[in-house]
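Read top to bottom, the protein sequences are chains A and B. Each step along the first sequence adds one to the number in numbering that gives the first Met the number 0, with nothing skipped, and position 95 is 94. Each step along the second sequence adds one to the number in numbering that gives the first Met the number 0, with nothing skipped, and position 16 is 15.
If you're looking for bench data, these hints aren't it; they were derived computationally from the structure. In this text, a Cβ means the ideal position worked out from N, Cα and C, and glycines have one as well. Just so you know, not all the hints are guaranteed correct.
Claimed, not checked - Part of the chain B face toward chain A, derived, beta carbon under 8 Å: (1) Ile56; (2) Leu57; (3) Leu59; (4) Phe73; (5) Ile134; (6) Ile149; (7) Gly184; (8) Ser188; (9) Val195; (10) Tyr206.
As the list claims (entries may be wrong) - Straight-line C-alpha distance at most 20 Å; calculated PhoX-like pairs for lysine-lysine: (11) A/Lys216 - B/Lys279; (12) A/Lys82 - B/Lys175; (13) B/Lys151 - B/Lys175; (14) A/Lys82 - B/Lys51; (15) B/Lys7 - B/Lys151; (16) A/Lys147 - A/Lys216; (17) B/Lys173 - B/Lys160; (18) B/Lys210 - B/Lys7; (19) B/Lys116 - B/Lys51.
To be verified - Restraint-style ranges between C-beta atoms, simulated for each label pair: (20) B/Thr208 - A/Asn180: 52 to 62 Å; (21) B/Phe243 - A/Ser182: 50 to 60 Å; (22) A/Val194 - B/Met64: 46 to 56 Å; (23) A/Gln146 - B/Ala203: 33 to 43 Å; (24) B/Asp121 - A/Gly142: 26 to 36 Å; (25) A/Gln146 - B/Trp189: 40 to 50 Å.
As a plain string of letters, each chain reads:
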Amino acid sequence: MKKSHIATLLVFLLLIPATLFLGTKLPGRGFYITGTAIIIELMIPFFMAFEGRRPQARELVVIAVMCALAVAGRAAIPIPNFKAIFAIIMLTGIAFGPEAGFMVGAISAFASDFFYQLGPYTPWQMMAYGAGGMLSGFFFAKGRLPQKPLTMAVFGFFAVILWVGPLLDCSHIFLMLSQVNWSGVLATFISGFYVNITQAICTVLVMLFLGRPLLEKLDRIKVKYGMMEDENGL
Amino acid sequence: MKYDAFSKCHPAVNFLFFVGAIGMSVVIQHPAYLLAGIITGAIYYLLLNGKKGWKTILSLLPMFMILTVINPLFNTLGATPLFHIGSRPYTLEALFYGAALASMFVIMMLWFGCYNKVLTSDKFTCLFGNLIPSISLLLVMVFRMVPNFIRKTQQIIGARKSIGKGISENATTKEKLQDGGTVLGALTSWALEGSVVTGDSMRARGYGTAKRSSFMIYRMTATDWILLTVMTLFVSLTIMAASFGQFAAAFVPNVSIAPVSWGLVTYICYLLIPTVLHVKEAFAWHISRSRI
Chain A
0 MKKSHIATLL
10 VFLLLIPATL
20 FLGTKLPGRG
30 FYITGTAIII
40 ELMIPFFMAF
50 EGRRPQAREL
60 VVIAVMCALA
70 VAGRAAIPIP
80 NFKAIFAIIM
90 LTGIAFGPEA
100 GFMVGAISAF
110 ASDFFYQLGP
120 YTPWQMMAYG
130 AGGMLSGFFF
140 AKGRLPQKPL
150 TMAVFGFFAV
160 ILWVGPLLDC
170 SHIFLMLSQV
180 NWSGVLATFI
190 SGFYVNITQA
200 ICTVLVMLFL
210 GRPLLEKLDR
220 IKVKYGMMED
230 ENGL
Chain B
0 MKYDAFSKCH
10 PAVNFLFFVG
20 AIGMSVVIQH
30 PAYLLAGIIT
40 GAIYYLLLNG
50 KKGWKTILSL
60 LPMFMILTVI
70 NPLFNTLGAT
80 PLFHIGSRPY
90 TLEALFYGAA
100 LASMFVIMML
110 WFGCYNKVLT
120 SDKFTCLFGN
130 LIPSISLLLV
140 MVFRMVPNFI
150 RKTQQIIGAR
160 KSIGKGISEN
170 ATTKEKLQDG
180 GTVLGALTSW
190 ALEGSVVTGD
200 SMRARGYGTA
210 KRSSFMIYRM
220 TATDWILLTV
230 MTLFVSLTIM
240 AASFGQFAAA
250 FVPNVSIAPV
260 SWGLVTYICY
270 LLIPTVLHVK
280 EAFAWHISRS
290 RI
């Protein structure tokens with residue numbers, strides 16, 4: 000068995016139940032610590048698999064470039080508060096596969112928080128963007144979904160509304176509410192809705208107008224240098 | 000940034016301190032400890048940021064108020080209803096509870112703010128360079144590329160403007176987006192081509208052929224060991240105090256708070272470590288300068 004597989008099993012069978020058990024014994028914001036610890040533990044197998052594979056220099060640099068583009072992307076578009084970060088993560092997932100999508104999502108969330116402000120929400124953001132990138136890589140792999148601007152836009156819209164946004168709202172639920180009950184959860188989701196819908200619309204706009212040309216550029220690199228193509232299965 | 004003695008310590012000391020400070024602040028909801036956390040956190044934050052720090056601290060105040068008054072809307076437990084909204088009571092106890100939770104949030108934001116200033120990206124990668132070599136190399140590259148890409152973006156925009164392709168002041172959103180797309184596309188092409196060159200250059204220099212050693216600018220000095228010992232001491236004392244139930248505080252349905260005891264002193268001592276270091280260094284500097 001591979002090292003990362005053992006790590007995955009350990010995380011799921013031991014670490015997470017142990018965290019849940021200990022978490023119930025913590026006073027105060029115990030559930031925030033529990034939730035965040037589980038989010039971090041869930042990311043461990045991915046990072047370990049990446050480390051264990053000993054990625055090649057070219058692959059490493061391409062992932063770094065995509066992360067930096069996702070973080071710096073907002074400098075290129077002259078519209079205030081325009082968040083292109085998730086769109087670029089999605090495109091990376093689509094072009095370079097689920098694993099690259101996850102790495103770019105998680106790392107760019109972390110790096111962008113380093114540039115703006117790290118906070119209690121950082122691990123949640125990493126997970127949300129990372130899993131979002133991975134999902135898009137998974138859904139668009141091997142022509143499962145056509146790589147057309149409209150499909151990508153619809154997918155991006157629902158990925159933000161149904162996954163990235165709610166997961167970030169969850170960090171607020173654990174952070175702000177004294178009692179996790181339906182009315183509180185609902186209120187958090189409603190108050191987060193505006194932010195989520197703006198981000199979803201930004202993602203849709205990027206996909207519709209820039210999705211095709213950007214994807215072509217990523218594909219071109221793949222073809223020209225024959226890299227990032229050893230995706231085995233999924 | 001101003002000179003800060005704690006920032007000059009070993010990154011591991013910095014990191015462990017913040018894990019302790021933020022970790023404890025999340026689980027303790029006793030009002031005296033919360034107050035201690037806010038004051039110590041704010042002092043160190045101000046020492047790190049100077050006058051600009053006040054702006055952040057004042058901006059946390061409305062956040063505190065909102066979180067406090069919102070809590071009773073969702074948590075209706077509590078013995079003394081102040082008034083009713085529909086059939087739901089708005090209770091005093093829930094209001095206190097909201098204040099406690101809001102204080103926790105403020106403390107967390109303060110310590111995270113200090114963390115941002117103290118544990119810079121180079122320290123982070125230095126700390127985890129051996130544990131996660133590929134990922135920390137990735138992070139180092141990202142931290143270098145982001146400012147680089149922003150600069151390049153400005154160059155591309157400038158170049159487009161000088162050949163008459165820039166966007167006008169009153170461009171529509173669609174035009175702005177299309178122009179941004181062209182710039183982003185140019186940036187992407189340039190960056191990806193550059194990445195292949197960098198990757199090949201790394202390979203040519205032997206990346207991946209052997210275990211990578213990492214350059215360590217920090218060494219554990221005697222001060223660092225003393226600090227670690229002191230930190231461990233205070234944390235264990237605080238945890239001991241917690242096991243005696245000194246931190247117990249319940250707000251709903253009735254307010255019941257344990258009396259303040261010696262645990263508060265150890266907790267404050269722990270949180271004051273960076274401040275004391277900073278002030279001590281400032282005094283030493285002042286004295287040695289006045290001797291000249």
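Going through the hints against the structure:
{"no.": "1", "hint": "Ile56", "in the structure": "violated, 14 Å"}
{"no.": "2", "hint": "Leu57", "in the structure": "violated, 16 Å"}
{"no.": "3", "hint": "Leu59", "in the structure": "violated, 12 Å"}
{"no.": "4", "hint": "Phe73", "in the structure": "holds, 4 Å"}
{"no.": "5", "hint": "Ile134", "in the structure": "holds, 6 Å"}
{"no.": "6", "hint": "Ile149", "in the structure": "holds, 5 Å"}
{"no.": "7", "hint": "Gly184", "in the structure": "holds, 5 Å"}
{"no.": "8", "hint": "Ser188", "in the structure": "holds, 5 Å"}
{"no.": "9", "hint": "Val195", "in the structure": "holds, 5 Å"}
{"no.": "10", "hint": "Tyr206", "in the structure": "holds, 5 Å"}
{"no.": "11", "hint": "A/Lys216 - B/Lys279", "in the structure": "violated, 56 Å"}
{"no.": "12", "hint": "A/Lys82 - B/Lys175", "in the structure": "holds, 14 Å"}
{"no.": "13", "hint": "B/Lys151 - B/Lys175", "in the structure": "holds, 18 Å"}
{"no.": "14", "hint": "A/Lys82 - B/Lys51", "in the structure": "violated, 27 Å"}
{"no.": "15", "hint": "B/Lys7 - B/Lys151", "in the structure": "violated, 33 Å"}
{"no.": "16", "hint": "A/Lys147 - A/Lys216", "in the structure": "holds, 15 Å"}
{"no.": "17", "hint": "B/Lys173 - B/Lys160", "in the structure": "holds, 18 Å"}
{"no.": "18", "hint": "B/Lys210 - B/Lys7", "in the structure": "violated, 29 Å"}
{"no.": "19", "hint": "B/Lys116 - B/Lys51", "in the structure": "holds, 13 Å"}
{"no.": "20", "hint": "B/Thr208 - A/Asn180: 52 to 62 Å", "in the structure": "holds, 57 Å"}
{"no.": "21", "hint": "B/Phe243 - A/Ser182: 50 to 60 Å", "in the structure": "violated, 36 Å"}
{"no.": "22", "hint": "A/Val194 - B/Met64: 46 to 56 Å", "in the structure": "violated, 21 Å"}
{"no.": "23", "hint": "A/Gln146 - B/Ala203: 33 to 43 Å", "in the structure": "holds, 34 Å"}
{"no.": "24", "hint": "B/Asp121 - A/Gly142: 26 to 36 Å", "in the structure": "violated, 43 Å"}
{"no.": "25", "hint": "A/Gln146 - B/Trp189: 40 to 50 Å", "in the structure": "violated, 23 Å"}
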